[in-house]
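Now for the letters of each chain:
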Amino acid sequence: MDVQIALFLTQDGVTNGAIYALLALTLVLAFTVTRVIFIPQGEFVAWGALTLAALQTGKLPGTVWLLLIGGVAVTLVEAVTCARNADWRRFPATLGWNLLYPGLVYAAARYLPWDTLPLVVQIVFALLMIVPLGPMVWRLAFQPLAEASVLTLLIVSVAVHLALVGIGLLFFGAEGSRTPPFSDGSITLGGFTINAQTLWVVGCSLALIAALYFFFERTFYGKALRATAVNRAGARLMGIPTSMAGRLSFLLCALIGAFSGILIAPITTIYYDTGFLIGLKGFVGAIIGGLGSYPIAAAGALLVGLLESFSSFWASAYKEVIVFTLIIPVLVWRSLTSRQVEEE
Amino acid sequence: MYHLPKLAVGLALVATAFAAHADIKVGVVLSATGPAASLGIPEKNVFALLPTTIGGEKVEYIILDDATDTTTAVKNIRKLTSEDKVDVVIGSTVTPSSLAMTDVAAETGTPLISMAASAVIVQPAEGNKRWAFKTPQNDAQMASAIVEHMKAGGVKTVGFIGFADAYGEGWYNEFVKAAEAAGIKTVSNERYNRTDTSVTGQVLKIMSGKPDAVLVGAAGTPAALPQRTLKERGYAGKYYQTHGVANNDFLRVGGKDVEGTFLPAGPVLVADQLPDSNPVKKSALEYVQKYEAAHGKGVSTFGGHAWDAGKLIQAAIPVALKKGKPGTPEFRAALRDALEANKDVAGAHGIFTLSPTDHVGLDNRSRVMVTIENGTWKLVK
Chain A
1 MDVQIALFLT QDGVTNGAIY ALLALTLVLA FTVTRVIFIP QGEFVAWGAL TLAALQTGKL
61 PGTVWLLLIG GVAVTLVEAV TCARNADWRR FPATLGWNLL YPGLVYAAAR YLPWDTLPLV
121 VQIVFALLMI VPLGPMVWRL AFQPLAEASV LTLLIVSVAV HLALVGIGLL FFGAEGSRTP
181 PFSDGSITLG GFTINAQTLW VVGCSLALIA ALYFFFERTF YGKALRATAV NRAGARLMGI
241 PTSMAGRLSF LLCALIGAFS GILIAPITTI YYDTGFLIGL KGFVGAIIGG LGSYPIAAAG
301 ALLVGLLESF SSFWASAYKE VIVFTLIIPV LVWRSLTSRQ VEEE
Chain B
1 MYHLPKLAVG LALVATAFAA HADIKVGVVL SATGPAASLG IPEKNVFALL PTTIGGEKVE
61 YIILDDATDT TTAVKNIRKL TSEDKVDVVI GSTVTPSSLA MTDVAAETGT PLISMAASAV
121 IVQPAEGNKR WAFKTPQNDA QMASAIVEHM KAGGVKTVGF IGFADAYGEG WYNEFVKAAE
181 AAGIKTVSNE RYNRTDTSVT GQVLKIMSGK PDAVLVGAAG TPAALPQRTL KERGYAGKYY
241 QTHGVANNDF LRVGGKDVEG TFLPAGPVLV ADQLPDSNPV KKSALEYVQK YEAAHGKGVS
301 TFGGHAWDAG KLIQAAIPVA LKKGKPGTPE FRAALRDALE ANKDVAGAHG IFTLSPTDHV
361 GLDNRSRVMV TIENGTWKLV K
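Protein chains in written order, with the UniProt record's numbering: chain A, 1 to 344; chain B, 1 to 381.
Same shape as in the complex, but just chain A (with noise of 0.2 Å):
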């Protein structure tokens, strides 16, 4: 191995763990503040990608069928819980973001001319597409929930990625797609090529990182999530309302994933199942962070996409294994370093 070799390794490397970052930092994000271990994420991941190619194919995404029923089951259920409390205050609202928006966005996808759009139109239009299903989710699988124990949850959350993977291989079929890259092009630093993507990819991730900082530090809304994340009851008494708390929080999941997704699909091919494995790398780093701390999950995330790099370079046959296998010594550790708090 020479130095040239070691640096397209760390190039590599850093290009895949930054998506990991990205992931690792959702899944702590949604497992504070809504106590979820978030498996599905890694569906929004291939969904982000797998929607804007069909737009740049022309044909209409089957995603944009799920947000018309996913909008129509979420109103059904608000309609329920409005006559149960009888109070009508809020089901305009629901109305518009569950019915208009989706019938919106569904008339849009299938009557503008999506393939001769510039790129930018297509990738904010597939994350319009893909963005409330988030929230669609939390309110029809976890919402109910709420209050269940870690466990519950979890099991719960390992039927909705079961569901949505079958639905994606329904929507894109089995083969995979890519996307055409931002830019064309690299740029050379010392003899070493940097592809533009590879830029692209590490610099929107570490704008999102500086912008979930900036959200959590400086805005009402992030001030509530941390307070959530710290003390649900708390939260409450203070007047958060846990409910938006949690649609908050997948709304940024479903945002971070699928444009994570957007990101990487020039360099690769996504499949309707690509994202689980994403996911399970970022959950990787999330739990070096014990599934708490951002800069630590952010980290972890990194030094996995590193690890993997460098072992599919000595040993690519054992790379997974070396992957999730790092992952033991972190568990003996932090089982052994932390103090068990009781479940409220």
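Where hints are given, some of them may not hold.
What the hints assert, rightly or not - Selected chain B positions facing chain A (in silico; Cβ < 8 Å): (1) A37; (2) S38; (3) I41; (4) N45; (5) R191; (6) Y192; (7) T195; (8) T197; (9) G201; (10) L204; (11) K205; (12) L225; (13) V253; (14) S355.
As the list claims (entries may be wrong) - A few chain B residues that don't get close to chain A, going by computed Cβ distances all over 12 Å: (15) S31; (16) I54; (17) S82; (18) P124; (19) A125; (20) A140; (21) K156; (22) V187; (23) G254; (24) Q289; (25) K325; (26) W377.
It is worth saying that the hints were derived from the structure and are not from the lab.
Note that the structure is predicted; figures quoted are calculated from it, not measured.
Backbone N, C-alpha and C fix where the C-beta goes; we use that ideal spot for every residue, glycine too.
With the hints as your guide, set chain B onto chain A.
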């Protein structure tokens, strides 16, 4: 006379019961979902095109999905043999499921025709595997086609990158065996997973060995990733793929980066380019036309394996019908013997001539070398 209507009804009931029983039942287990769905879906499409009467008997196809899962495949064949009492089972799509199913087939005395490639499904053709047949070409046959082509092109060293599973392992073993015999050295053995997003590490390792050619031992669209990465890193040698990539999605995902790749394939992939003298041309075109008429452009070679399984039973059933009634153990045993005695059955992938020791029955007419030119498959003359 009072009893006559009752008697007539009774007779009619018995007659319908017999008629229903006389139907030949074909159980099908395939992977319409799960990782092998891209193979299983075209296979499933084919069963709608197969004849519904063979040798004057009605044929019923009972299709079950195993989700590319071995346990489900075994559960499915158990259900087919015990509840539906099928006369023959076709399936499954992948090797592990097919292997597991051979035990149930032998136990219940039901002939099994697999659509998976690995030779271990039918070799050696004794014990439990007396009941097992398969339609795809052996990997060894395909590997020898690649080695012949490499030798003719002056390739001395080859880098290998394949799936980290039975497919990659099987191909590596077969290829190394054939390559060594021809004096070609395999300088690297790298692995990756179908779901991997990056193979940079493996590609750098291969390139540090400076091989004349690279063979990608992978199937379907995931096989495009190593080739794209190699192109990106500026590898200028020859590229070889296996017949596992012979579907149009590979061309779509691979795009410009897979131009000029060589691969062995069943003649069905380039049926219309075959010379008229090729014995497989007519039967391959028949499949292509039927498939495209029903499912649109873009025929899949994997569907061809299902089609060939259909051809084998169409040839064997009339012979077996002379020895027994469908639904009985005698018929199933006769069907097994008839399958084994199939001679010169022209299918989509070749001409099948089976024997008690050869339960595939394909010779070198079942493979051609193909290259990718302007985004289409071109026969290498």
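Going through the hints against the structure:
no.: 1; hint: A37; result: holds (4 Å)
no.: 2; hint: S38; result: holds (4 Å)
no.: 3; hint: I41; result: holds (6 Å)
no.: 4; hint: N45; result: violated (13 Å)
no.: 5; hint: R191; result: holds (4 Å)
no.: 6; hint: Y192; result: holds (6 Å)
no.: 7; hint: T195; result: holds (5 Å)
no.: 8; hint: T197; result: holds (4 Å)
no.: 9; hint: G201; result: holds (3 Å)
no.: 10; hint: L204; result: holds (5 Å)
no.: 11; hint: K205; result: holds (5 Å)
no.: 12; hint: L225; result: holds (6 Å)
no.: 13; hint: V253; result: holds (5 Å)
no.: 14; hint: S355; result: violated (36 Å)
no.: 15; hint: S31; result: violated (9 Å)
no.: 16; hint: I54; result: holds (31 Å)
no.: 17; hint: S82; result: holds (28 Å)
no.: 18; hint: P124; result: holds (29 Å)
no.: 19; hint: A125; result: holds (32 Å)
no.: 20; hint: A140; result: holds (22 Å)
no.: 21; hint: K156; result: holds (23 Å)
no.: 22; hint: V187; result: holds (14 Å)
no.: 23; hint: G254; result: violated (9 Å)
no.: 24; hint: Q289; result: holds (24 Å)
no.: 25; hint: K325; result: holds (40 Å)
no.: 26; hint: W377; result: holds (17 Å)
Violated hints, listed in ascending order, are 4, 14, 15, 23; each of the other numbered hints is respected by the structure.
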